[in-house]
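J.: So the sequences go chain by chain: X and P. For the first sequence, counting from 1, position 109 maps to 109 in full-length UniProt numbering; every step adds exactly one. For the second sequence, counting from 1, position 23 maps to 23 in full-length UniProt numbering; every step adds exactly one.
In short, the hints are calculated from the structure, not lab data. Keep in mind it's a predicted model, so treat the numbers as computed, not measured. The beta carbon of each residue, even a glycine, is placed where N, CA and C say it ideally should be. Among these hints, one or two may not hold up.
[Said to hold, decoys possible] A few chain X positions that, by computed beta-carbon distances, are all more than 12 Å from chain P:
#1 18
#2 90
#3 106
[What the hints assert, rightly or not] Here are the simulated distance ranges between beta carbons:
#4 X:147 / P:108: 40 to 46 Å
#5 P:29 / X:32: 32 to 38 Å
#6 X:71 / P:49: 44 to 50 Å
#7 P:118 / X:151: 32 to 38 Å
#8 P:88 / X:29: 51 to 57 Å
#9 P:35 / X:60: 42 to 48 Å
Number of protein chains: 2
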Amino acid sequence: MPDEEGLRRVGRRPGQSEARAEILRAARMLFAERGFVGASIRSVAAEARVDPALVHHYFGTKEGLFRAALEMPIQPEELVEEIFAAGVERAPERLVRTFLRVWDGPETGPAMVSFLRTVLARQESSDLMREFLGATVVRIAASKLLGGVDPAEAEVRIGLVASQMLGLVVARRVLAVEPLASLPAEVLVATITPTITRYLLGELPGAHAVAENDPST
Amino acid sequence: MPDEEGLRRVGRRPGQSEARAEILRAARMLFAERGFVGASIRSVAAEARVDPALVHHYFGTKEGLFRAALEMPIQPEELVEEIFAAGVERAPERLVRTFLRVWDGPETGPAMVSFLRTVLARQESSDLMREFLGATVVRIAASKLLGGVDPAEAEVRIGLVASQMLGLVVARRVLAVEPLASLPAEVLVATITPTITRYLLGELPGAHAVAENDPST
Numbered sequence: 001m002p003d004e005e006g007l008r009r010v011g012r013r014p015g016q017s018e019a020r021a022e023i024l025r026a027a028r029m030l031f032a033e034r035g036f037v038g039a040s041i042r043s044v045a046a047e048a049r050v051d052p053a054l055v056h057h058y059f060g061t062k063e064g065l066f067r068a069a070l071e072m073p074i075q076p077e078e079l080v081e082e083i084f085a086a087g088v089e090r091a092p093e094r095l096v097r098t099f100l101r102v103w104d105g106p107e108t109g110p111a112m113v114s115f116l117r118t119v120l121a122r123q124e125s126s127d128l129m130r131e132f133l134g135a136t137v138v139r140i141a142a143s144k145l146l147g148g149v150d151p152a153e154a155e156v157r158i159g160l161v162a163s164q165m166l167g168l169v170v171a172r173r174v175l176a177v178e179p180l181a182s183l184p185a186e187v188l189v190a191t192i193t194p195t196i197t198r199y200l201l202g203e204l205p206g207a208h209a210v211a212e213n214d215p216s217t
Numbered sequence: 001m002p003d004e005e006g007l008r009r010v011g012r013r014p015g016q017s018e019a020r021a022e023i024l025r026a027a028r029m030l031f032a033e034r035g036f037v038g039a040s041i042r043s044v045a046a047e048a049r050v051d052p053a054l055v056h057h058y059f060g061t062k063e064g065l066f067r068a069a070l071e072m073p074i075q076p077e078e079l080v081e082e083i084f085a086a087g088v089e090r091a092p093e094r095l096v097r098t099f100l101r102v103w104d105g106p107e108t109g110p111a112m113v114s115f116l117r118t119v120l121a122r123q124e125s126s127d128l129m130r131e132f133l134g135a136t137v138v139r140i141a142a143s144k145l146l147g148g149v150d151p152a153e154a155e156v157r158i159g160l161v162a163s164q165m166l167g168l169v170v171a172r173r174v175l176a177v178e179p180l181a182s183l184p185a186e187v188l189v190a191t192i193t194p195t196i197t198r199y200l201l202g203e204l205p206g207a208h209a210v211a212e213n214d215p216s217t
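With the hints as extra help, turn the sequences into a complete structure.
T.: Shown next, in the form of structure tokens:
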């Protein structure tokens, strides 16, 4: 995988790391201008004056390029796959555990706090992140829920899950509200999982109402 | 109440608004240096070279001074009182409604988004806000829950409530995640209230475990 920068950089000729830096500069500019969906690997390559194959070589997918450009410390698409890997029924508990592992981790935790502060600080970065998450995380998670519920309802459910998990990490790690900040992960798994189970799989009058009002269903 | 700035400012002599500005400058400095609890009205008055009575005249309580110094667009202590005014049993639904009213309000909403962005952006402002909320909102809310649960458990419950409500407003108003951002408030009240009811009043194995491990109980 082209992600292990630290290893890959060893022995790289100066021209290569310059090309890589130039691609990242171009990516930051184009993602900011056109959004995640609007900016293509091809347009980034053209802006950086390199071959598109070189962008793929360094960053793999457009998601990988986006994460590198924004110094995003995790791979949310892979985490969503991991959360649903044991089936939809086990997803709520795995979701809470995965969130806590990433946000409590000695390396990922501080990087995520710093990343989230940056994302929340300005409207433009909030907009960009929302679009990225919609095109990756929400799309993947909604597809896992399908069969069970209609698309409009799936998105309401995912939004509610996001609201609880985002709030948990903001309260626990960004604001560091006690005793939440010091509670053992296991206590939070026991306490939060029922909420996520209900939002994702349970009876939800609100979500039904939205789905029933949705003209596409 | 000395809070209606717009009205009060009319007819005020220049010397008065200068004293007011000087008090706010001193308050911002001392709250940042000593925290909400550590900075006193007396110390702010001394720093601003005015009589402490003038600080009370302009800002009422220390909470009022804090809100004015940080341009906080709401009075959280009053909102908590309002939420619990009809009793603990009705507090969960009133809490969700009050949050949505404040964050969806055409005037309070944008001001709250901007305020929250500022608070979350830097560690120092996060620390200060956490301390202020602990000394005001959490203290008041915990006292409303008492009789029912022990103090350690009450604080876990309030932390969990904070995590859901904070996440809801961050997802809905700061990141503006759809369809959450456009859902009618009534749908969210129906969907989120059961979560808040459980966190505040329901069976919570996690909270019990914490209370049982707490040496003060």
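J.: Using the Cβ atoms, figure out if residue 29 (chain P) sits within 32 to 38 Å of residue 32 (chain X).
T.: holds, 36 Å
J.: Does residue 106 (chain X) sit more than 12 Å from chain P, CB to CB?
T.: holds, 18 Å
J.: Evaluate the given range 32 to 38 Å for the C-beta pair formed by residue 118 (chain P) and residue 151 (chain X).
T.: holds, 36 Å
J.: Can the suggested window of 42 to 48 Å be confirmed for the beta-carbon pair residue 35 (chain P) and residue 60 (chain X)?
T.: holds, 46 Å
J.: With 51 to 57 Å as the target window, see if residue 88 (chain P) and residue 29 (chain X) comply at their CB atoms.
T.: At roughly 53 Å between Cβ atoms, residue 29 (chain X) and residue 88 (chain P) fall inside 51 to 57 Å, so the hint holds.
J.: That 44 to 50 Å hint for residue 71 (chain X) and residue 49 (chain P) (C-beta), does it hold up?
T.: Holds - the Cβ-Cβ distance for residue 71 (chain X) and residue 49 (chain P), about 46 Å, lies within 44 to 50 Å.
J.: Examine each Cβ of chain P, and state whether all of them lie more than 12 Å from the Cβ of residue 18 (chain X).
T.: Holds: least Cβ distance 33 Å, greater than 12 Å.
J.: Confirm or reject the claim that residue 147 (chain X) and residue 108 (chain P) have a C-beta distance inside 40 to 46 Å.
T.: Holds: the Cβ-Cβ distance is about 41 Å, inside 40 to 46 Å.
J.: Does residue 90 (chain X) clear chain P by more than 12 Å, comparing its Cβ with all Cβ atoms of that chain?
T.: holds, 19 Å
No hint from the list above goes unmet by this structure.
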